Every structure is written in C-alpha cells, then in structure tokens.
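Chemist: Each protein sequence line maps, in turn, to chains A, B and C.
The first sequence begins at 1 in full-length UniProt numbering and counts up one residue at a time.
The second sequence begins at 1 in full-length UniProt numbering and counts up one residue at a time.
The third sequence begins at 1 in full-length UniProt numbering and counts up one residue at a time.
Think of the hints as simulated: they come from the structure by calculation, not from any bench.
There's no promise every hint is true.
Each pair may be met inside one copy or between any two copies, as identical chains are not told apart.
[Unchecked claim] Taking lysine to aspartate or glutamate and the EDC-like style, the derived pairs with C-alpha atoms no more than 20 Å apart in a straight line are:
| # | residue 1 | residue 2 |
| --- | --- | --- |
| 1 | Lys-371 | Glu-276 |
| 2 | Lys-367 | Asp-273 |
| 3 | Lys-371 | Glu-387 |
| 4 | Lys-199 | Glu-321 |
| 5 | Lys-343 | Glu-221 |
| 6 | Lys-250 | Asp-379 |
| 7 | Lys-343 | Glu-161 |
| 8 | Lys-112 | Glu-332 |
| 9 | Lys-352 | Glu-48 |
| 10 | Lys-343 | Glu-332 |
| 11 | Lys-324 | Glu-91 |
| 12 | Lys-86 | Glu-370 |
| 13 | Lys-90 | Asp-392 |
| 14 | Lys-160 | Asp-129 |
Note that the structure is a prediction, hence the values are computed from the model and not measured.
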Amino acid sequence: MYNLINDLYQKQRNLVSIDYDESLEYISKILPLKIHKIPSGTKCWTWEVPLAWEVKEAFIENNGGKIIDVKDHPLHLASYSTPIDKIISKEELMKHLSSNKERPNAIPFDYKYYQNDWGFCVQFNKLKDFTEKNYHVVINSEFKEGELKIGELFVKGELKETIVLVAHLCHPAMANDDLSGVSVLVDIGKNLLEKNNLKYSYRILFLPETIGSIAYLSQNEELISDMKFGLFLEMLGNDNFHSLQFSRQKNTEIDKIAENVIKHNQKEFKTGDFREIISNDEMVFNGPGVNIPMISISRWPYPEYHTSDDNISIIKKENLEESKKLVLKILEALENNYTPIRKFKGPPHLSKYGLWVDWRDDLELNKMLEKIFLEFEGDNSIVEIAEKLNLDFFVLLDYVNKFLQAKLVEKK
Amino acid sequence: MYNLINDLYQKQRNLVSIDYDESLEYISKILPLKIHKIPSGTKCWTWEVPLAWEVKEAFIENNGGKIIDVKDHPLHLASYSTPIDKIISKEELMKHLSSNKERPNAIPFDYKYYQNDWGFCVQFNKLKDFTEKNYHVVINSEFKEGELKIGELFVKGELKETIVLVAHLCHPAMANDDLSGVSVLVDIGKNLLEKNNLKYSYRILFLPETIGSIAYLSQNEELISDMKFGLFLEMLGNDNFHSLQFSRQKNTEIDKIAENVIKHNQKEFKTGDFREIISNDEMVFNGPGVNIPMISISRWPYPEYHTSDDNISIIKKENLEESKKLVLKILEALENNYTPIRKFKGPPHLSKYGLWVDWRDDLELNKMLEKIFLEFEGDNSIVEIAEKLNLDFFVLLDYVNKFLQAKLVEKK
Amino acid sequence: MYNLINDLYQKQRNLVSIDYDESLEYISKILPLKIHKIPSGTKCWTWEVPLAWEVKEAFIENNGGKIIDVKDHPLHLASYSTPIDKIISKEELMKHLSSNKERPNAIPFDYKYYQNDWGFCVQFNKLKDFTEKNYHVVINSEFKEGELKIGELFVKGELKETIVLVAHLCHPAMANDDLSGVSVLVDIGKNLLEKNNLKYSYRILFLPETIGSIAYLSQNEELISDMKFGLFLEMLGNDNFHSLQFSRQKNTEIDKIAENVIKHNQKEFKTGDFREIISNDEMVFNGPGVNIPMISISRWPYPEYHTSDDNISIIKKENLEESKKLVLKILEALENNYTPIRKFKGPPHLSKYGLWVDWRDDLELNKMLEKIFLEFEGDNSIVEIAEKLNLDFFVLLDYVNKFLQAKLVEKK
C-alpha cells in the first residue's frame, strides 16, 4: 500500500487528465480492472462529462523573473484553470491567488471545475514577496475532448446483491487525500479475489470524485437495484483514530455492523451522521434517486488536509494496515450476519446442549444468556442482537452458531 | 378595526339578546354576511339553544338608595340572571356577589348560563359599603323565545376544502375579549373577498361562544367533512406578544405553518398545547366527533381580562394591525404550501441551473442547499422541510420554486 | 394463609418428592384441585421430567461423631445430591460445602438439579469446626421413577380467555419463598370460586419451579392460545413494600392495571422490567414460543432469602392479607376494564347529564373532565385513559360508567 502512494502521489491527477490515466494504469497492473471510458460532453443525469485538461506551462513573473511556477509544484496551479497570457495589476492578481494562513509554508489545493476561471496557489508566507505593481501571468492550459475513466473490479459472490467499495483518484499531488484510500482499497480487492466462498458480490471502483460516480451510475443504471450497501474509503494513512460516517439511512445493517466492529476493536473512534464528517461520493451513491446506504471510513481530520504538506511523510504503514484490517473485519461480519429463528419452545435447557456459559469463562456473555435466547424470534439479525445487548458481533456469532449446530435455531 | 370596537364595546351582548343582534347587524354592513337563525329550544347534539334574555332594570338598594345599578355598567348584572324582587339579608346577598380582589376598582364579568340563578358583580373596594343588615334586590329580567344568530361569510376558492375562521361576539361590555378578535376577522374577511386566486375556500363565522359553534355545526353537519383547518381569533388589541395555541392534533399543516410564520416574523411569542393557553370554540370545532384541527391566536394573558377595565383604553391600533398581518401571512403560507417531488437523479448540478446560493448572499440557505435537495422525495411539504432545517417558510418556498421552474421538481 | 405456611414450611419439598406431594395434598383439601401427574423421563420441549429424589440419611462425621446431619435441618443437604459413602480429605470436602458469609448463623439453600453432583450446606460460623484432615461423608439418597405433580384449579368465567395465576411449591424448608405466594394464591382461589359473574376464566397452578411450568405447558399446548395474561406470586409475607415486575411486553393491559392499582393503593412500591426484580416461572409462561404476558408481585428483597432464616418467624399475617387484597384489586380492575366509545358529538353538556364534578368535590377529577371526554374515541381503555391522565382506575371507572348509564358512550 505504501509503495503505491509513494509511486503516485506526485502526479497531477485531475478529473480527466493524463496523470489520472497513468495512475489508473498503475493500479491495473495490480488488479484486473475493467476500465470504463466515458467521452467528454456525455450527458450524465443533470451533469455532463468535462473536457480533458492539460497544462504545458504556468507561471507568474515580474521583472525579477518567475516567482511562481507550476514546475516547482503541481499544486501551484488551480485545477482546470483557463489559459491566460497577460500583464495584470497586483490588485487583479490577488483575486486569483489562494493561500492558507493556518499553514503559511504550504501550498493549498484549489480548483476551478465548471467555473471558467483561473487561479494560482501560493504559500501564505510568500505573499509578502509580491511587492511590484504588475505581473505577467501565463497559463498555457488546454481543454480538449477526452475520456473520463473509471476502474472497476467485480468480484462475484453467491448472491447478485452487491457491496460497492469506492475511492476517488482525482486529487493532484497529495498522498493521504486521496491515495491512502485507493491503496487500502487495492489491497482489499486483492483479498476478496483470493476468497472463494463470498456471499455477496463486490464492485470496487476507482474514479474521479462526484462526476466519476455520477458518470458511472448514470451510464449503468441497471446495476443500481442490486447494490445493497456501499463503503467509501479515504484519508487512512495519517495519525488519527478512525471516523465512521453513517449512511443517510443510518440504521441499516452495514451501519450497525461497522459501528459494532469499530467499537469492539478500536480503543478510540468517533462516529457521525451522513455528511457531518466528510463529503465525498456518498452524496451520489446515497443521494437522490439512487440511495444505496453508503458509510465512509477515514481518519479525518488531519492538519495537512488539502495542502502540499499532505505528502508521503505523513503516511504511516501501520495505519494503512490497521485500516485495512478494520474494513476486512466489517466485510467479514457483513458476510456472516444472519437472522436466527427459534425452533424450540420454552426456555431451552442450556446445559443439556452445552450452551451454558459459566461466568468464570465469560462474564459478559454469562449475564446475557437469557436475553440472547429471547431474541430468536426472527425480528433481529445477529448484529441487531449484539447492538441491543452490547456484545461483540463475533463473540455473539460464535455463540449463536452453537444453537444453529444444535438445530435449536435456523437461519431466516 | 379600532372603530368597530369603539362603536360596539359598550353593548350588553349575550348569547341570545338584542345587543348581540345589533352588533351582528353592524358587521353585516361591512361584510356580506349570511345570518343563520336558530330558535330557542332547538336540539343541538347534547345541548339546546337557550331562551333570549333581556333586562329592564336591576339594582340593589338599601335605606340610602340604590348602591348597585346595571344602568351604571352592564357588567354589574351577571348574564342570564333570573328575576328577583326581594328583601334579603346581607349574608344571603354576599353569596350572589362577585368581585375581584386583584383589581379592586373593576367590575368583574360573571354569568349564570344554564344555572337558574342570579348574581351581581361589584368592585371589590365597594364591598365595604355593604354595612346594613338587609337589602332590596331587584332584577327585572325576562327569558323568552328567541333566535340564536350566527353571521357567516363564505369565500369560494378553487377547492371545496374549507378553512374556518371563528371569533365569538357574545361577551358584554368588553373590548379586547371579544371584539378585538371580531374586528381583525372582519378585516381578514375584506381581504379575502378581494382575492381572486384562492386555493382554499374560507368560512368566516361570528357567533356566541360554545353554543353558537355547537348550534352551527349540528345544524350543518354536511359541511364538516370539507373543513380542513380552523383558526380562532381573540384578544388581539392589548399590549402583549402573540400566543399560538396548537390544535388538538398539534402536528398538522396549519400548526406547522403558524409556528414557522410566527417564529420567523415575531421577536417574542409563545406556543402551547390545545386548551393550555385559552379555552374557546376550538373545543367544539376540534372536539369529539368533529375534530377539525383548529389553532388559536391571541395576545393572552392581559391583566384586565373579564373585568370592566377591558375597555377601549387598552386597545392599540398597531397591535390589531400587526395581528391582522400575522394571520394573513399564515393564510398566505397555507395557500402556497406544496410537496415537491424530485424529477432528477443524483445530486443536481446546482450552478448549471442557477440554484447555487453563495454564502455571502444567504449564509443560512447556503449551508442547507444539500439538505434541501435531499428532501424532495414526496414525504415532506415545504413547511415540513422548513421545520426540519429551521428555515423561513417563504425563503424556502422561493428557493424550491426555482427547482419547479427548472422542472427539477414537480408538485405532488 | 398463615396456618398453611406454618403447617408446611418445614417439609423438604423438591421437584419430584414425597414432601412435595404431601404439600399439594394439603392444598387439595382446601381447593378442589385437579392433579396432573407427569412421569419421570417425559420429554417436555427441550427438557425432560427428572427422577424422584428421596433421602434416607445424610451426614458428615469425623472422629468426634456427626458434625452435620440432615436430620437437624433439611437444608443441610443440597437438593438432588447424588449418593456417596466415602472418606475424603478436608480439601475435597470444602468444594462441596456451601455457606453464606452474610448470614453466618444460617444454613443456605443449595441444589444440584441436573448436575450429577452432591453438596452440603453449613452455617458459615460452623466452618471453623472443620479442623480435621479427613471426613466421612454419607448421603443415602435414591433417584427413582416418579411423577411430577401439578395442582390446577380452573374457575370458568364468561369468556374462554384465561388469566393464569402461578405459585411454585418446590422450595424445601422455607416459609416466605415459596409458601407465602402459595398461601395467598390459595385464598385468591377461594375468593374466585365464590364469584359467579366473572368475565375471564382463571387457571390457578401450583407446581415445581421451571420444570413444572414447562411440563404443564408442553403437555397442554392447546390451552396456550386462550391464556391472555399471567400473574406470578411469591415472597409476600416478609416486611417490605411490594415490587411489581412487568411482563416481557411491559405495556399490556395487565401491566398498566397492576401499576395503576399499586400506585393508587400503596404508599411505597417499586417496579422493574421483566427479569430485573425476580426470576421465576414467568420465563416459561412469558418465554419463547409461549409468550403470555406475565407480571410478578412480591415483596422482594428480604435478607433471609434462601437460608434457614426464611422461616415462619418472618411471616406477618397482615402482610399476607394486604398482598391478597392488592392482587384481588388488580383482578377486579382487569375484570372491569373496557374501552368506551363516544356516541355524542361536540363537547357534551355535562351539567345536563349530572356529569359535572365540582372542584370542591374532587379537584383532581374536576381538572380532567374535558380531557376525559376527549378520550372516548375507541383507542384507549379505562386503564389507558387513567394512565394518561394519572387518575385512579376505580375513580375514573365510576365516572365513565356514568357516561355509560347516560348512553353517551358504549363499550367497544
């Protein structure tokens, strides 16, 4: 995972661009991706696919020479800036400069998608060097017909019902946002490919944010009805505990499973409602007319967000590893969750079936024995029982599986 | 509005009485009222229409002459007092005297409806003048066949569904309770008559409290099913902020609209549950077997309530004007409320349709854009979305109307 | 009631045993019980009826002679202990001794049902006398085919719907747990037999805990569908206020009635959720696949619980009497509860029908008059209206019955 980030983080990925295509090509060598190509101008619901954008050169110069040059750092130029070659006043220039007072030595990330405008991004501390009255601004950028590309890995399971796993790949020259999510998702893809007894099918997508999801879904509407749940991954390499953002529905199976797994496996974490922690493609997948419950897992917030400080130095291998394990555990719980239905009447004679758990072996479970066997009425799945009784999903699963083996319950 | 109160407040209006009829006649000259006449003794559900009550004279005298005389103030005699001409002891007399210690110089309002009893109302400070042992009590009152009268203005709209607006007119010799509500309702009637694009039909009623509503509805049961909502008006001229009393159902469209309008248009106000602020005809309209959600708007409480101090001096023109505007705004919102249904898929491309609202133009709206377009699933009307997101009804209405014009939503 | 306890409390009742049978025989002389006999080994859902257990002798001796002998107190031997005749080390013996540090001079109650093990119960203060290295342990107990017995009194009412009243009878040599519940239930049985206008039918059961209920229900499954509610009685002679344990459903008619009656008739009481106060046969009746809402009434807790101190000395006649009255009052409310449906329209003219209640006669009721007549829409029974308005069930019943007599409401 770390290598992928290290190899790709300096590329100037943009919605439709050469560096984006090269990054997707790189992933294709690890996973057998199907690449969807959707031409510029294609109508996608209320949107359309933008033109490709390429930059040959972009700089600001004054009498002393170039003071800002995109060759020094891709983030110096706001994505999708329109071309210009003009001498303008300082006052006019300042309207087009972004900087970040909170991190004065970092170049912020900015973009002009759909705005027909241009901009440069500058370290806040460099603003004081703009002492002259006029500046020569050159942006040699080109907008042309291109193809928006989406990388898809489909892993077939027993059911047609699909879990969609998404990471976006369109953020230029940064590491944690968005390559850390991409790298973890690549490993999860490898892991799923190795399994041969999956219950659900899985659709893993690498795409440009928002327009990528809209383009994919609008061109593949027939897939939506089989999409049961979604999971968005991003910002997983930095040093912070995990944040779980619930789906718009909030109380679905994947919400409950993710919360149970994170609660029983992580010392610290936080949870938040839809769009209250981070904003990404869940607004498309879980949005109007689609509405697939999609949770997000990240390590938001982190101070280097959307600046040139978001580089390989803030990525820790063990964080990526821990996040991967967490997501795999959530998927494992999702695969194994079921609704037990009682086949016995009366309180079952636990000791006779080896179902008695002594408090000396597991105090928490011991206290719950009676409450557990009252929950086999077909109203609640394992995760819902676990939630009600505040038990670890996997501890409860193991115990209920014993009822299943004793034929005291069956799966609904 | 002020003139109506000034012209009528000294009349001795009672359930069925000459002064009541004259007051209704006065209103008839302003609005084209239909007058319903229901004879004494008519069965009205579990009630019946009372006899007319007229007083020729009523006084209490001792050796020094008359000490209380209804000629001095109509409130001196409790409404519907039975006739008497008798010398009685002070002890006996005291059982029939009402006074108000809190307002010692005011004559309180009292009534003996359905009680077959008599009473006088006296300033508390005057009680000390009752120093003699015996008193001559004379009430020359007459109970006779009459007609309970109800004034009705019907304004036809596009729909058969009717909004009922009610004020009672039976309180003798007071100004704020009940003529201020009557005067505001007269002006609202004029306003509605001028409109030619009303969605709802309106039924405006002036009647004696409780028995008037029971008589009207019991004799016109076929109208009930078209009555969608009701609004009761009273005590609107005094100096206090508005009180909104919710309907019995509490969460209906008119409750939500009234609360939204009052919240976004009045600095101070209070709200309360059904019958927790004031008690009037909403117990009939919103009561057993009828149950039309009826809210009440008043400026309750005020210290002069039900005394001779409730006269023209406590009525302020600007209060009446403000109350009228508030009620008209509630009706306007009711007329314009609708349920938007989404016709787009995915998050709409707001800027493309001119639906983007910059935070510099409207910060409150800007923060809610995303939450607004998630609410077009047909579950919530404009007022319900406004309530959820804590927005002004009319601000939200204007914004959602732009989606309507762009054909991104349609009306349910 | 007191006599029954006094006569029976020293018997060594066990699940299937001679003393149990004799105790049931004793009750049979008071109530016309039907005795169900279910042979050892009978399959009862996931359980089976145990063998009868009889003890001829049981003691522990050392060189100085017998130091513990079941002849001194039946509780010295754990119920259903297996036979033994062996010299064992002190260390080994100690694993088989129960004592209670909290009540050092009392013999605790212990049992080895379904465990194939043996044990003695000793006063904590006596443990210090076990100074030798080896002990001769003799238990001359016998397990043999027998019959589990259940005493049933069925009192037929107008309806097939049955109220099940249960007390267990299998606790050896104690008074409050479980004979106090048995004694109160016997008196309730006598009381019900005297009535000739019962709405519900009643099924009163005396049985061994858990296995008795399982045996009864599994062998009489066809009765379950008519069982509407259940009530379990136990620990009613000690000095403590009453505890009401709700059914698993918690919000059923019997839960609400019991709570109303206890609240308006007892100065002190507590309530608790299912299985949070005491654990008895409600887990069978209100358990998986049966699920008859069963409340429990007791005076839990008390310090002598499950020890030899739970004897006749802690039983007070007035407590038994008070508990009996409380239960009878609950049953009376249950018999009389109904759902009133309005036949009037509009607010009823209360005074005309003698339904006006002056605040000087009953302030609490006076304040509620209007709220009461709004509740006759058929959604709420008397107890539910009483709960909403915080009124005594019987006060409200009397008042609503006046509406019934005036034909203003009818029963649903």
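Chemist: Have a look at Lys-367 and Asp-273 and pick one of within, between, both or neither, based on CA distance no larger than 20 Å.
Modeler: between (32 Å within a copy, 16 Å between copies)
Chemist: Is it within, between, both, or neither for Lys-90 and Asp-392, if the alpha carbons may be no more than 20 Å apart?
Modeler: neither (61 Å within a copy, 42 Å between copies)
Chemist: Please work out whether the CA atoms of Lys-199 and Glu-321 approach to 20 Å or closer within one copy, between two copies, in both situations, or in neither?
Modeler: For Lys-199 and Glu-321, neither the intra-copy (24 Å) nor the inter-copy (63 Å) Cα distance is at most 20 Å.
Chemist: Check Lys-371 against Glu-387 for me: Cα-Cα at most 20 Å, and say if that holds within a copy, between copies, both or neither.
Modeler: This pair counts as within: shortest intra-copy Cα distance 12 Å, inter-copy 29 Å.
Chemist: Between the shortest in-copy and the shortest cross-copy C-alpha distance, which are at most 20 Å for Lys-86 and Glu-370: within, between, both, or neither?
Modeler: Intra 79 Å, inter 38 Å, cutoff 20 Å: neither.
Chemist: Is it within, between, both, or neither for Lys-112 and Glu-332, if the alpha carbons may be no more than 20 Å apart?
Modeler: The answer is neither: 41 Å in one copy and 42 Å across copies each exceed 20 Å.
Chemist: Reference check for the pair Lys-343 and Glu-161, CA-CA at most 20 Å: within, between, both, or neither?
Modeler: Classified as neither: same-chain Cα gap 28 Å, cross-chain 26 Å, threshold 20 Å.
Chemist: Give the relationship of Lys-371 and Glu-276 under a CA distance limit of 20 Å: within one copy only, between copies only, both, or neither.
Modeler: Cα proximity of Lys-371 and Glu-276: across copies only (11 Å, versus 35 Å in one copy).
Chemist: Within a copy, between copies, both or neither: where do Lys-343 and Glu-332 come within 20 Å Cα-Cα?
Modeler: neither (26 Å within a copy, 37 Å between copies)
Chemist: Within a copy, between copies, both or neither: where do Lys-352 and Glu-48 come within 20 Å Cα-Cα?
Modeler: Close across copies (10 Å), not inside one copy (66 Å); limit 20 Å.
Chemist: Given identical chains, is Lys-160 near Asp-129, meaning Cα to Cα at most 20 Å, within a copy, between copies, both, or neither?
Modeler: neither (60 Å within a copy, 73 Å between copies)
Chemist: Can you give me the call for Lys-250 and Asp-379, within, between, both or neither, at a CA distance of at most 20 Å?
Modeler: Answer is both: 18 Å inside a copy and 18 Å across each meet the 20 Å cutoff.
Violated hints, in rising order: 4, 7, 8, 10, 11, 12, 13 and 14; the structure is consistent with all others.
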